[in-house]
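Dock chain B against chain A, hints included.
As you go down the protein sequences, you meet chains A and B in turn.
Using the numbering used here, the letters of the first sequence correspond one by one to residues 10 to 366.
Using the numbering used here, the letters of the second sequence correspond one by one to residues 35 to 285.
Keep in mind the hints are simulated off the structure, nothing from the lab.
This one's a predicted model, so the numbers in the text were calculated from it and none came from an experiment.
Ideal Cβ positions, reconstructed from N, Cα and C, are used throughout, including at glycine.
Among the clues, some could well be false.
What the hints assert, rightly or not - Taking beta-carbon pairs under 10 Å as the criterion, some of the chain A residues facing chain B (in silico):
#: 1; residue: Arg231
#: 2; residue: Leu257
#: 3; residue: Ser279
What the hints assert, rightly or not - Straight line, CA to CA, 25 Å or less: simulated DMTMM-like cross-link-like pairs of lysine to aspartate or glutamate:
#: 4; chain 1: B; residue 1: Lys66; chain 2: B; residue 2: Glu220
#: 5; chain 1: B; residue 1: Lys66; chain 2: B; residue 2: Glu164
#: 6; chain 1: B; residue 1: Lys122; chain 2: B; residue 2: Glu164
#: 7; chain 1: B; residue 1: Lys230; chain 2: B; residue 2: Glu262
#: 8; chain 1: B; residue 1: Lys274; chain 2: B; residue 2: Asp250
#: 9; chain 1: B; residue 1: Lys122; chain 2: B; residue 2: Glu41
#: 10; chain 1: B; residue 1: Lys122; chain 2: A; residue 2: Glu237
#: 11; chain 1: B; residue 1: Lys165; chain 2: B; residue 2: Glu41
#: 12; chain 1: B; residue 1: Lys165; chain 2: A; residue 2: Glu238
#: 13; chain 1: A; residue 1: Lys148; chain 2: B; residue 2: Glu108
#: 14; chain 1: B; residue 1: Lys230; chain 2: B; residue 2: Glu211
#: 15; chain 1: B; residue 1: Lys230; chain 2: B; residue 2: Asp244
#: 16; chain 1: B; residue 1: Lys99; chain 2: A; residue 2: Glu238
#: 17; chain 1: B; residue 1: Lys66; chain 2: B; residue 2: Asp233
#: 18; chain 1: B; residue 1: Lys165; chain 2: B; residue 2: Glu108
#: 19; chain 1: B; residue 1: Lys66; chain 2: B; residue 2: Asp250
#: 20; chain 1: B; residue 1: Lys165; chain 2: B; residue 2: Glu223
#: 21; chain 1: B; residue 1: Lys230; chain 2: B; residue 2: Glu254
#: 22; chain 1: A; residue 1: Lys146; chain 2: B; residue 2: Glu108
#: 23; chain 1: B; residue 1: Lys165; chain 2: A; residue 2: Asp177
#: 24; chain 1: B; residue 1: Lys66; chain 2: B; residue 2: Asp55
#: 25; chain 1: B; residue 1: Lys274; chain 2: B; residue 2: Glu262
#: 26; chain 1: B; residue 1: Lys122; chain 2: A; residue 2: Asp101
#: 27; chain 1: B; residue 1: Lys122; chain 2: A; residue 2: Glu341
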Amino acid sequence: MKRLLAILPLLAVVVLVQLLTSWSGTQFYLTQMTMAAYYSLLIIGLCVLMGYAGQISLGHAGFFAIGGYLSAALTTRSLVPFKEAALVRLLDGCGLLHAGRDLYGGELLVVTPWAAALFAVLVAALIAVVIGIPVLKLKGHYLAMATLGFGIIIYRLVLATPWLGEADGISGVPPFVLFFGVTVSGESSVRILNYYLAWGILLSGLILLINLMQSRIGRALRAIHGSEEAADAMGVNIARFKLQTFVLSAVFAAIAGVLLTHYNGGIGPSEAGVMKSVRYVAIVAVGGMAHLWGAMFMGVLLNFLSLRGVFGSYDDAVFGLILIVIMLFAPEGILGLIAGRKKPAATVPTVEQDGEV
Amino acid sequence: MAILAVENLHRRFGGLHAVNDVSFQVAAGQIKAVIGPNGAGKTTLFNLLSGALMPSSGVVRFQGKDIQGRRPFEIAALGMARTYQNIKMFTGMTALENVMVGCHLRGRAGFFSSMLHAPWTWGEERAVLEKSMELLELLEIGECAHVLATSLAFGQQRAVELARALAMQPSLLLLDEPAAGLNIYETAEVGRLISKIRDMGITVLLVEHDMSLVMDISDEIVVLCFGEMIAEDLPAAIQKNPEVIRIYLGE
Numbered sequence: 010m011k012r013l014l015a016i017l018p019l020l021a022v023v024v025l026v027q028l029l030t031s032w033s034g035t036q037f038y039l040t041q042m043t044m045a046a047y048y049s050l051l052i053i054g055l056c057v058l059m060g061y062a063g064q065i066s067l068g069h070a071g072f073f074a075i076g077g078y079l080s081a082a083l084t085t086r087s088l089v090p091f092k093e094a095a096l097v098r099l100l101d102g103c104g105l106l107h108a109g110r111d112l113y114g115g116e117l118l119v120v121t122p123w124a125a126a127l128f129a130v131l132v133a134a135l136i137a138v139v140i141g142i143p144v145l146k147l148k149g150h151y152l153a154m155a156t157l158g159f160g161i162i163i164y165r166l167v168l169a170t171p172w173l174g175e176a177d178g179i180s181g182v183p184p185f186v187l188f189f190g191v192t193v194s195g196e197s198s199v200r201i202l203n204y205y206l207a208w209g210i211l212l213s214g215l216i217l218l219i220n221l222m223q224s225r226i227g228r229a230l231r232a233i234h235g236s237e238e239a240a241d242a243m244g245v246n247i248a249r250f251k252l253q254t255f256v257l258s259a260v261f262a263a264i265a266g267v268l269l270t271h272y273n274g275g276i277g278p279s280e281a282g283v284m285k286s287v288r289y290v291a292i293v294a295v296g297g298m299a300h301l302w303g304a305m306f307m308g309v310l311l312n313f314l315s316l317r318g319v320f321g322s323y324d325d326a327v328f329g330l331i332l333i334v335i336m337l338f339a340p341e342g343i344l345g346l347i348a349g350r351k352k353p354a355a356t357v358p359t360v361e362q363d364g365e366v
Numbered sequence: 035m036a037i038l039a040v041e042n043l044h045r046r047f048g049g050l051h052a053v054n055d056v057s058f059q060v061a062a063g064q065i066k067a068v069i070g071p072n073g074a075g076k077t078t079l080f081n082l083l084s085g086a087l088m089p090s091s092g093v094v095r096f097q098g099k100d101i102q103g104r105r106p107f108e109i110a111a112l113g114m115a116r117t118y119q120n121i122k123m124f125t126g127m128t129a130l131e132n133v134m135v136g137c138h139l140r141g142r143a144g145f146f147s148s149m150l151h152a153p154w155t156w157g158e159e160r161a162v163l164e165k166s167m168e169l170l171e172l173l174e175i176g177e178c179a180h181v182l183a184t185s186l187a188f189g190q191q192r193a194v195e196l197a198r199a200l201a202m203q204p205s206l207l208l209l210d211e212p213a214a215g216l217n218i219y220e221t222a223e224v225g226r227l228i229s230k231i232r233d234m235g236i237t238v239l240l241v242e243h244d245m246s247l248v249m250d251i252s253d254e255i256v257v258l259c260f261g262e263m264i265a266e267d268l269p270a271a272i273q274k275n276p277e278v279i280r281i282y283l284g285e
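Bound conformation, chain A alone (with noise of 0.2 Å):
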């Protein structure tokens, strides 16, 4: 109940936005902090592998790209030409296919935006599993090195892909009907609703993994990032919990990327780009590696401030600065700076008594 009550003072916050906006007029700035939560969700994922399990990924936008795109594709390209394939009937017999018309009044036949999610994170996870098992033996650059090399796979495949747009991404992504009355969608009509979504999403994923790293598991992953030896010793497997780890937020990563492309109405290439993946590495630093709240804080302020081409076309410069100023100066992030502060008062009466032993 306690952790619950923490949330509060954010879910004000969120509310009083979306008032001052309506008060003020300016409700377009809604649409970006739908956006930038949505892309929070990976961040906080991503801050549990990093943060708290110790393990970096240079690949993360490869997963979001992966729940994205085979979202955006399931729900638009047409399955009319296999029509009598029994795969197509029998997915049609389960009611996951959707009939319509495409623009010019042709017959469409698509698979229904919550089979296509749901395929897409199964798809995104199970990748995960493939890549992770080999991968997260490595360690330090390696493990970096290696889960670049998946995003990198992961961009030229989707670049090369004409089944995924090539150069030219998704777009016409239909919206995605989450239960009645609910629709995940860019309308102007419902950008006050998908803005309290995305939030309420963002904020459940929040409060799932402070439950997860306050733990028996949460326990485990940050006694890896100690020692592993000694976590070893302890009797965590320290294998299983990685690639578990890894798997948790190649899913987290996944569900961003299949809400967002349904928002948006579409998925372009830059989403798979290394440059993605480093961005999303540079704004958990930033917000302090193993600071759950830290990392969601960072992540909403750093992408509004993009999607509001604050940062205009030195976007990606920004970014990499932003990497080499934490790394150089506040290693522990921002938050950590701060935190660090305070930290040797609450520390120095016991170390005094050391001292006297």
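Then chain B, alone, in the frame of chain A:
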């Protein structure tokens, strides 16, 4: 009954025989010490027993099961706990959290139930917290519970490490130089503590350089030198063993 049996254990690093044909047994309920000059292979032996290193050949039997070649977390699950010569605290975690990790094997909560903070994990979590606090108090560092473990004094870190190992409720506890870096008062305290641990029903195997501590508390002593076992006897007999005297004091 022997809780641990080591038979013809070998470990080579290139041409170096770090542990060369070592065989001994540890009876349940005893305190057994492994002594020897620096480089005798004591820590290597511990790493072989706990699974941190693979033996080149030989058998390690723990509670009747062959465990050589098993991973450390599997051996831990069978009831073997250890501490390290160079303390290995979980950095970034408080003393209490360090000890709570020691309770890992007794927990059941998985990823999903933890994320949902499911009611059936609450009792387990409370039990882990109480047990860990109890252990910190047993080792007289209860007041440090919420301090970052790495910011504690050296002796306190050793105590945290010991509490963490005890939290595993092991049947066999390996202590790698528990008195290293401690003054004589603290060393005597550690000696009393180890006896107390044995009285709790935990078998203890320790590596130690402090001879007075070893002679005080051990039931039996194994002497290693350059990887080979040169003696295994009662403390009084080891003190009179001419070869042991030769190793420690020279000709």
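Status of the hints after comparison with the structure:
Interface hint status for arginine 231 of chain A: upheld, as the beta-carbon distance to the closest one in chain B is roughly 6 Å, under 10 Å. At about 7 Å, the closest approach between the beta carbon of leucine 257 of chain A and any beta carbon in chain B falls short of 10 Å, and the interface hint on this residue holds. A cut of 10 Å between beta carbons decides the hint on serine 279 of chain A: the least distance to chain B is about 31 Å, and the hint is violated. About 20 Å separates the Cα atoms of lysine 66 of chain B and glutamate 220 of chain B, which keeps this hinted pair within 25 Å; it holds.
This hinted pair does not check out: lysine 66 of chain B and glutamate 164 of chain B have alpha carbons roughly 31 Å apart, beyond 25 Å. For the proposed pair lysine 122 of chain B and glutamate 164 of chain B, the alpha carbon gap of about 23 Å is at most 25 Å, so the pair holds. Simply put, lysine 230 of chain B and glutamate 262 of chain B have alpha-carbon atoms about 31 Å apart, too far for the 25 Å limit, and the pair is violated. Simply put, lysine 274 of chain B and aspartate 250 of chain B have alpha-carbon atoms about 15 Å apart, close enough for the 25 Å limit, and the pair holds.
Simply put, lysine 122 of chain B and glutamate 41 of chain B have alpha-carbon atoms about 29 Å apart, too far for the 25 Å limit, and the pair is violated. Distance hint between lysine 122 of chain B and glutamate 237 of chain A is fulfilled; the C-alpha atoms sit about 9 Å from each other, no more than 25 Å. Among the hinted pairs, lysine 165 of chain B with glutamate 41 of chain B is inconsistent with the structure: their alpha-carbon atoms are about 36 Å apart, more than 25 Å. Pair hint lysine 165 of chain B plus glutamate 238 of chain A holds up; C-alpha atoms about 23 Å apart against a cutoff of 25 Å.
Proposed proximity of lysine 148 of chain A and glutamate 108 of chain B is supported: the alpha carbons are some 22 Å apart, at most 25 Å. About 17 Å separates the Cα atoms of lysine 230 of chain B and glutamate 211 of chain B, which keeps this hinted pair within 25 Å; it holds. Restraint check for lysine 230 of chain B and aspartate 244 of chain B: the C-alpha separation of about 19 Å stays at or below 25 Å, so the hint holds. Only pairs whose Cα atoms come within 25 Å are accepted, and lysine 99 of chain B paired with glutamate 238 of chain A is accepted, the gap being roughly 23 Å.
At roughly 14 Å between alpha-carbon atoms, lysine 66 of chain B and aspartate 233 of chain B fall within 25 Å of each other, so this suggested pair holds. Restraint check for lysine 165 of chain B and glutamate 108 of chain B: the C-alpha separation of about 23 Å stays at or below 25 Å, so the hint holds. Between lysine 66 of chain B and aspartate 250 of chain B the CA atoms are separated by roughly 11 Å; this keeps the pair inside 25 Å, and the hint holds. Under the criterion of a C-alpha separation no larger than 25 Å, the hint pairing lysine 165 of chain B with glutamate 223 of chain B is consistent with the structure, at around 22 Å.
Simply put, lysine 230 of chain B and glutamate 254 of chain B have alpha-carbon atoms about 17 Å apart, close enough for the 25 Å limit, and the pair holds. For the proposed pair lysine 146 of chain A and glutamate 108 of chain B, the alpha carbon gap of about 18 Å is at most 25 Å, so the pair holds. Using a Cα cut-off of 25 Å, the hinted pair lysine 165 of chain B and aspartate 177 of chain A is violated, with the two alpha carbons roughly 59 Å apart. A distance of roughly 19 Å separates the Cα atoms of lysine 66 of chain B and aspartate 55 of chain B; the hinted pair therefore holds under the 25 Å criterion.
Our distance criterion of 25 Å between C-alpha atoms is met by lysine 274 of chain B and glutamate 262 of chain B, whose separation comes to about 19 Å. For the suggested pair lysine 122 of chain B and aspartate 101 of chain A, the alpha carbons sit about 58 Å apart, so the restraint of at most 25 Å is broken. With a CA separation close to 21 Å, the supplied pair lysine 122 of chain B and glutamate 341 of chain A stays within the 25 Å bound.
The earlier numbered hints that this structure contradicts are 3, 5, 7, 9, 11, 23 and 26.
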